[in-house]
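K.L.:
Chain by chain, the residues:
Protein chains: 2
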Amino acid sequence: MDIFETMQTCRAMRYLKPDPIPDALLDRVLFAATRASNPGNSQRWGFVVVRDAEQKQRIQAAVSDAVRSVTEQAAEAARAEPDAVDPMNQRILAGAGHLLDHLHLAPVIVVVCAHNDYPPGAPPQLEYVYSTVYPASQNLILAARALGLGTVFTTFNLSCEPALREILALPEDVQMGTVIPLGYPERDFGPVTRRPVAEVVHYDRW
Amino acid sequence: MDIFETMQTCRAMRYLKPDPIPDALLDRVLFAATRASNPGNSQRWGFVVVRDAEQKQRIQAAVSDAVRSVTEQAAEAARAEPDAVDPMNQRILAGAGHLLDHLHLAPVIVVVCAHNDYPPGAPPQLEYVYSTVYPASQNLILAARALGLGTVFTTFNLSCEPALREILALPEDVQMGTVIPLGYPERDFGPVTRRPVAEVVHYDRW
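First to last, the sequence lines map onto chains A and B. All the letters of the first sequence, read from the start, carry residue numbers 1 to 206 under the numbering used here. All the letters of the second sequence, read from the start, carry residue numbers 207 to 412 under the numbering used here.
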């Protein structure tokens, strides 16, 4: 699939079918993720690919416990003052609630991680972790979309880090970046909603 | 261009021609960058597109002053113990030296930034900045490669933040993520060098 079409139609898919994904597609998605930019080509990433039903349920429980209060507060505020919330945010909120309830039913959850000691032996530096995991995550979701698979780029890990570390048995020097459910989408791909370039570009200086 | 081919051949291009880039191509690259994932579709990014010769020279001087000692130390260590350095790292080092000398000659330097207050009014949180700027930067380099333009994903900003902030007149609540030179490449695109997927994937738990 053409890269521009892929990027333009790479909607966050919060409604996923439970149908399994062929291994060959998953492999292509992971291959694409590992072709991403990363500091000095150190490739300090690691991908935890969760397909085991019990592991997915543990992840769903941990994420749901941690995130639900946030989304429910936002949903309540939206109900109290519906005019203050734009339709896009209302859709995101409804989708997030659905995703929290159904996260474990996605056939695969990928947790994108990186070792936090780059160069090896150096003190942890967030920039190296994040400039490793986020570009890889972006490649991952683009590749998935090109193959007709839905994903949503989440940082659920930020809200329940200790619980997820334990569930995934992460070594101490490994840090999570994203938690990305993957599956065939229940809804259609279509153009993403973004501001025009002219609003966010500055020439020569801010 | 097919997205998988784009990702597989998106080499860091540290040798760029000074030839100008048509505005239409630059616009497509920026459009692609702004289609990226970002927290809650907040799109808190800002792109400083530097084409002015004097501004580019200021950036080159600031980056070069800050980064050269690092690359020279590494180059010296490599000369002292050539067997300890793998050829890939030697190529990266040589390329980095060339890039530092020629950064201002790239027709465009894009500095990808984000407001650091997401949600608006919240205290700065690096995760929101980086999960905004790095996916956008990844889209940017992929789109450039698909159009035959070379880039290299750098975090030069980390080494000379105060100087660059001043040169670019960045507001206090705006943080830089990447400094990406853009131009027609002097060398050929080709497959990126990456470890096999099997070495970096863990199933169900680390």
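Keep in mind that the hints are not guaranteed to be accurate.
Over the 12 angstroms line for every Cβ pair with chain B, so calculated as not near, a few chain A residues [unchecked claim]:
1. Glu5
2. Tyr15
3. Pro18
4. Pro20
5. Pro22
6. Lys56
7. Ala80
8. Pro82
9. Leu105
10. Glu127
11. Thr132
12. Ala169
13. Pro185
A few chain A residues facing chain B, derived, Cβ under 7 angstroms [to be verified]:
14. Ile21
15. Thr34
16. Gln43
17. Val48
18. Arg79
19. Leu100
20. Leu126
21. Ala146
22. Leu147
23. Leu170
24. Val200
25. His202
26. Arg205
Hint data in this document are derived by calculation from the structure and do not stem from the laboratory. Ideal Cβ positions, reconstructed from N, Cα and C, are used throughout, including at glycine.
K.L.:
May I ask you to check that Ala80 of chain A keeps its beta-carbon over 12 angstroms from the closest beta-carbon of chain B?
P.N.:
17 angstroms, holds
K.L.:
Checking a non-interface call: every C-beta of chain B should be farther than 12 angstroms from the C-beta of Tyr15 of chain A. Is that right?
P.N.:
The claim holds: Tyr15 of chain A sits with its nearest Cβ about 16 angstroms from chain B, beyond 12 angstroms.
K.L.:
Just checking, Pro20 of chain A versus chain B, shortest CB gap more than 12 angstroms?
P.N.:
Correct as stated: the minimum Cβ-Cβ distance to chain B is 15 angstroms, above 12 angstroms.
K.L.:
When the nearest CB of chain B is found for Leu126 of chain A, is that gap smaller than 7 angstroms?
P.N.:
6 angstroms, holds
K.L.:
Using Cβ atoms and 12 angstroms as the threshold, tell me whether Leu105 of chain A really stays out of contact range of chain B.
P.N.:
16 angstroms, holds
K.L.:
Would the non-interface assignment of Ala169 of chain A survive a Cβ cutoff of 12 angstroms against chain B?
P.N.:
4 angstroms, violated
K.L.:
For the hint on Thr34 of chain A, does the least C-beta distance to chain B fall short of 7 angstroms?
P.N.:
5 angstroms, holds
K.L.:
Say whether it holds or is violated: Glu5 of chain A keeps its Cβ farther than 12 angstroms from all Cβ of chain B.
P.N.:
Per Cβ check, Glu5 of chain A is inside 12 angstroms of chain B; nearest 9 angstroms; violated.
K.L.:
Would the hint on Ile21 of chain A stand, with a C-beta cut-off of 7 angstroms toward chain B?
P.N.:
Ile21 of chain A check fails; min Cβ-Cβ to chain B is 14 angstroms, beyond 7 angstroms.
K.L.:
Taking the closest Cβ pair, is Gln43 of chain A under 7 angstroms from chain B?
P.N.:
5 angstroms, holds
K.L.:
Does the no-contact call for Pro18 of chain A survive, Cβ to all of chain B over 12 angstroms?
P.N.:
17 angstroms, holds
K.L.:
Was Pro185 of chain A rightly flagged as not at the interface, with every chain B Cβ beyond 12 angstroms?
P.N.:
Since the minimum Cβ distance to chain B is about 15 angstroms, Pro185 of chain A lies beyond 12 angstroms and the statement holds.
In this structure, the earlier hints numbered 1, 6, 10, 11, 12, 14, 18, 19 and 22 are contradicted, and the remaining ones agree with it.
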